[in-house]
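Protein chains: 2
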Amino acid sequence: MKNITIVGSGLVGSLLAIYLAKKGHKVSVYERRVDLRKNRISAGKSINLALSDRGWKALEGIGIDEEIRKVAIPMKGRRIHNLNGDVNFQPYGKEGQAIYSVSRGGLNCKLMDLAEHWDNVEFFFEERCTSVDMENATAHFENTSTGKKSFVESDLIFGSDGAFSAGRLSMQMTDKFEYSQHYLEHGYKELLIPANEDGSFKMDSNALHIWPRGSYMLIALPNLDGTFTCTLFFPFEGENSFASINTEAELMEFFNRIFPDVVPLMPTLVHDYFTNPTSSLVTVKCFPWTNKDKVALIGDAAHAIVPFFGQGMNCGFEDCTILNELMEENGDDWTKILKAYELARKPNSDAIAELAISNFIEMRDLVADHKFLLRKKIEAYLNEQFPEKWMPLYSMVTFSQIPYSEAMKEGKRQEQIMQKIMAMDNLEERWNNGDLKSLLPQLIS
Amino acid sequence: MKNITIVGSGLVGSLLAIYLAKKGHKVSVYERRVDLRKNRISAGKSINLALSDRGWKALEGIGIDEEIRKVAIPMKGRRIHNLNGDVNFQPYGKEGQAIYSVSRGGLNCKLMDLAEHWDNVEFFFEERCTSVDMENATAHFENTSTGKKSFVESDLIFGSDGAFSAGRLSMQMTDKFEYSQHYLEHGYKELLIPANEDGSFKMDSNALHIWPRGSYMLIALPNLDGTFTCTLFFPFEGENSFASINTEAELMEFFNRIFPDVVPLMPTLVHDYFTNPTSSLVTVKCFPWTNKDKVALIGDAAHAIVPFFGQGMNCGFEDCTILNELMEENGDDWTKILKAYELARKPNSDAIAELAISNFIEMRDLVADHKFLLRKKIEAYLNEQFPEKWMPLYSMVTFSQIPYSEAMKEGKRQEQIMQKIMAMDNLEERWNNGDLKSLLPQLIS
Numbered sequence: 003m004k005n006i007t008i009v010g011s012g013l014v015g016s017l018l019a020i021y022l023a024k025k026g027h028k029v030s031v032y033e034r035r036v037d038l039r040k041n042r043i044s045a046g047k048s049i050n051l052a053l054s055d056r057g058w059k060a061l062e063g064i065g066i067d068e069e070i071r072k073v074a075i076p077m078k079g080r081r082i083h084n085l086n087g088d089v090n091f092q093p094y095g096k097e098g099q100a101i102y103s104v105s106r107g108g109l110n111c112k113l114m115d116l117a118e119h120w121d122n123v124e125f126f127f128e129e130r131c132t133s134v135d136m137e138n139a140t141a142h143f144e145n146t147s148t149g150k151k152s153f154v155e156s157d158l159i160f161g162s163d164g165a166f167s168a169g170r171l172s173m174q175m176t177d178k179f180e181y182s183q184h185y186l187e188h189g190y191k192e193l194l195i196p197a198n199e200d201g202s203f204k205m206d207s208n209a210l211h212i213w214p215r216g217s218y219m220l221i222a223l224p225n226l227d228g229t230f231t232c233t234l235f236f237p238f239e240g241e242n243s244f245a246s247i248n249t250e251a252e253l254m255e256f257f258n259r260i261f262p263d264v265v266p267l268m269p270t271l272v273h274d275y276f277t278n279p280t281s282s283l284v285t286v287k288c289f290p291w292t293n294k295d296k297v298a299l300i301g302d303a304a305h306a307i308v309p310f311f312g313q314g315m316n317c318g319f320e321d322c323t324i325l326n327e328l329m330e331e332n333g334d335d336w337t338k339i340l341k342a343y344e345l346a347r348k349p350n351s352d353a354i355a356e357l358a359i360s361n362f363i364e365m366r367d368l369v370a371d372h373k374f375l376l377r378k379k380i381e382a383y384l385n386e387q388f389p390e391k392w393m394p395l396y397s398m399v400t401f402s403q404i405p406y407s408e409a410m411k412e413g414k415r416q417e418q419i420m421q422k423i424m425a426m427d428n429l430e431e432r433w434n435n436g437d438l439k440s441l442l443p444q445l446i447s
Numbered sequence: 003m004k005n006i007t008i009v010g011s012g013l014v015g016s017l018l019a020i021y022l023a024k025k026g027h028k029v030s031v032y033e034r035r036v037d038l039r040k041n042r043i044s045a046g047k048s049i050n051l052a053l054s055d056r057g058w059k060a061l062e063g064i065g066i067d068e069e070i071r072k073v074a075i076p077m078k079g080r081r082i083h084n085l086n087g088d089v090n091f092q093p094y095g096k097e098g099q100a101i102y103s104v105s106r107g108g109l110n111c112k113l114m115d116l117a118e119h120w121d122n123v124e125f126f127f128e129e130r131c132t133s134v135d136m137e138n139a140t141a142h143f144e145n146t147s148t149g150k151k152s153f154v155e156s157d158l159i160f161g162s163d164g165a166f167s168a169g170r171l172s173m174q175m176t177d178k179f180e181y182s183q184h185y186l187e188h189g190y191k192e193l194l195i196p197a198n199e200d201g202s203f204k205m206d207s208n209a210l211h212i213w214p215r216g217s218y219m220l221i222a223l224p225n226l227d228g229t230f231t232c233t234l235f236f237p238f239e240g241e242n243s244f245a246s247i248n249t250e251a252e253l254m255e256f257f258n259r260i261f262p263d264v265v266p267l268m269p270t271l272v273h274d275y276f277t278n279p280t281s282s283l284v285t286v287k288c289f290p291w292t293n294k295d296k297v298a299l300i301g302d303a304a305h306a307i308v309p310f311f312g313q314g315m316n317c318g319f320e321d322c323t324i325l326n327e328l329m330e331e332n333g334d335d336w337t338k339i340l341k342a343y344e345l346a347r348k349p350n351s352d353a354i355a356e357l358a359i360s361n362f363i364e365m366r367d368l369v370a371d372h373k374f375l376l377r378k379k380i381e382a383y384l385n386e387q388f389p390e391k392w393m394p395l396y397s398m399v400t401f402s403q404i405p406y407s408e409a410m411k412e413g414k415r416q417e418q419i420m421q422k423i424m425a426m427d428n429l430e431e432r433w434n435n436g437d438l439k440s441l442l443p444q445l446i447s
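Residue numbers (the working numbering), protein chains in the order written: chain A, 3 to 447; chain B, 3 to 447.
Read the hints as simulated data drawn from the structure, not as lab findings.
A portion of the hints provided could be inaccurate.
Copies of the same chain look alike in the list, so a pair counts if it fits in one copy or across any two.
[Said to hold, decoys possible] Mimicking BS3-like on lysine-lysine, the simulated pairs with C-alpha atoms at most 25 Å apart in a straight line are:
hint : residue 1 : residue 2
1    : Lys287    : Lys348
2    : Lys287    : Lys414
3    : Lys348    : Lys178
4    : Lys178    : Lys287
5    : Lys341    : Lys78
6    : Lys439    : Lys24
7    : Lys422    : Lys379
Here the structure is a predicted model, which means the values were calculated and not measured.
Bound conformation, chain A alone (with noise of 0.2 Å):
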């Protein structure tokens, strides 16, 4: 039995707590802000997040994945908002596969009670981590309220305080310490899809909408009260960005032009935009994530990669499933515990923050395209006709457990396999044809 301190107590913190809980650990819970279940914060950014496979599996793992179950609403595809008005669906699985998006909020909230069910776990609210003593595991905190500064000494220290953990800044400071912080050219801002008058949705709920449009895109995720978090993903700077919209007449201008079937859904777009943060999207890579049996990061403060893989909070989650096997296979011994949960997550890290980035680029340019959509098609075939042998990579990434790493290398050599295919002569007439459906099994193996 281990004294371990959580700095954070957000998504993969509550749910880290309750793993260790589960061990007989005795766990106490660090938190910054208030307690979100007395004071629920919506800051206009983030309320949704899209649960999948690697999620579901965490969840799983502590029981509750049935009750989450009840309050997510499945996106079984995209739904693509063309410029023209036409849309169209592509599924993002087989039959019966979904993503599913999730309060964030409401979903912490149920990680928090449920940890706190437990007699070994305590939380502590308004308490800023400062720095972290890596030798002894000693976290320094002052308290946003009362400004009072402490320090709690335990055997262990979990940093699960998000893409710009205070454990992470103690980190950097250490000889040989691996850190790169890399933003986007892109942020983003929250708009909002209300709900009808009767709080039914005013588009379909079961998917994922997009508007792509090249360099920049609309994306709108379904909330349970029929409303739709939207997402507009837009460059800082240039000819169409955030920077170059700064009045109302900008706003509707650019909108009525390049969002036009939205602008009737968003009545309050003006006040949204102009109310509503402008956020940065930044990835974040460091090695060591652990230093002895004393310290170790995980979730967003070893790994922050940006959210167009709907990755962010699956990846974190996997870091507790697979800590939880580590210490069902070690037992009590952490440092080998920490030494092979930062081997064996790294990798994959790395890995979905790459992935992640090119995925914005098919989200915004490449789902509008004709050939693209071929493409898919042909993907989805293979997938069907051999599935043990094709499984397309937002399927390894979304609807499996195939490590990150290896679902990236094996998705590097489906593209290779594609851009032969893709380059072939009368390409659409030879799969309406059904010639090229011959070939297919030539081509791949």
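Following the hints, complete the assembly by docking chain B onto the known chain A.
For chain B alone, coordinates are given in the frame of chain A:
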């Protein structure tokens, strides 16, 4: 006239103070350590440096190049010590070209003295910068002797506080700041070859000595007192590494086997090896370097690089040269000066960072290679015959003011040509019989 705070009184900070003082600014320099001139600290690391053209140009700008040249030792080429005892010589450039070994401490003291001659420059020691307020150019300090905390308001702050800059750390916390720190798998340790009893050198003093051994190497630079400062660049981990040598016996077995000719020259090898620290080698990249007209990073604080091209100090000094040119062009419009400064220097510091890492491979590995030596001869011939068309990469970096990014680009073009030449059949014969020479004009055009 501006009130300017410089954080760090190292080589670049002290030189910058002089350039700013000459323009009439009031300059306050804050240094974490004690006054170097009162306590010459020789921490067993980095006590000599190689000055080359970019460094000299910056010293010319403040009129002390001739004075420094008197205490600098020209190194006209590399003296390569092979494992079999053979020693050969590779000139760095053309007749009359050399890089210069200078004492880091001596040069730094000289620059501080010169800065202090100005009434508008003041130094403060034992003041550790803890943070910088980007918006109003306020620097916070803690006195390392008394513990007293203070802050200094000014119009503009320069962070010249090295690879682990406090000013840069404050910038890292701001949105959209690009940052990476990357360590090599090699570390370094300083060793010593003392002078003969009569004060003379034990080896040729007009060369940089290299013992290239594939994945690691030893180098030696001459000092004015007849000694050589040697540096062992060695992997931290692995079969032959700092981790693998833990006893006197292991050390001597290794040196007798790998550097047999050095052992008799190093009477204090065992003591030095086990007493001197093992240091790491970091590359730091970041952007932006400036914030409006309030804050700017310079030297290692903006772009720490590994030492294998001998350009760390030279690059930092060139920052001062360029900044001085921009002050002359733009008067007191500091927003314009700083924006132009970072845009001009960033691509060049990125280029020298990459070149410095590549040059490690050349130094530790290729210089002992027969084919590499032939290639160097061919390149020297090209430079001699076609000086307008062919200046080797090493010369562009070391003996010219060509921007590093352009040198790197031209170096890549030359690399492609040389690879074609080196792949020719019977190359050595064709070189020796003059056949190749007649083909070269066509090959390089």
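Against the structure, the hints:
In the homo-oligomer, the alpha carbons of Lys287 and Lys348 lie at most 25 Å apart both inside one protomer (9 Å) and across protomers (22 Å), since each shortest distance falls under that limit. Taking the closest pair of Cα atoms, Lys287 and Lys414 come within 25 Å of each other only inside a single copy of the chain (22 Å); across copies the shortest separation is 29 Å, beyond that limit. Both within a single protomer and between protomers do Lys348 and Lys178 lie at most 25 Å apart by alpha-carbon distance, with minima of 16 Å and 24 Å respectively. Taking identical chains as interchangeable, the C-alpha atoms of Lys178 and Lys287 lie at most 25 Å apart whether they share a chain (14 Å) or sit on different chains (15 Å).
For the identical chains of this complex, Lys341 and Lys78 are neighbours neither inside a copy (38 Å) nor across copies (48 Å), given an alpha-carbon limit of 25 Å. For a Cα distance limit of 25 Å, the shortest separation of Lys439 from Lys24 qualifies neither inside one copy, at 52 Å, nor across copies, at 77 Å. Proximity of Lys422 and Lys379 under a CA criterion of 25 Å is satisfied intra-copy only: 16 Å inside one chain copy versus 45 Å between copies.
In this structure, the earlier hints numbered 5, 6 are contradicted, and the remaining ones agree with it.
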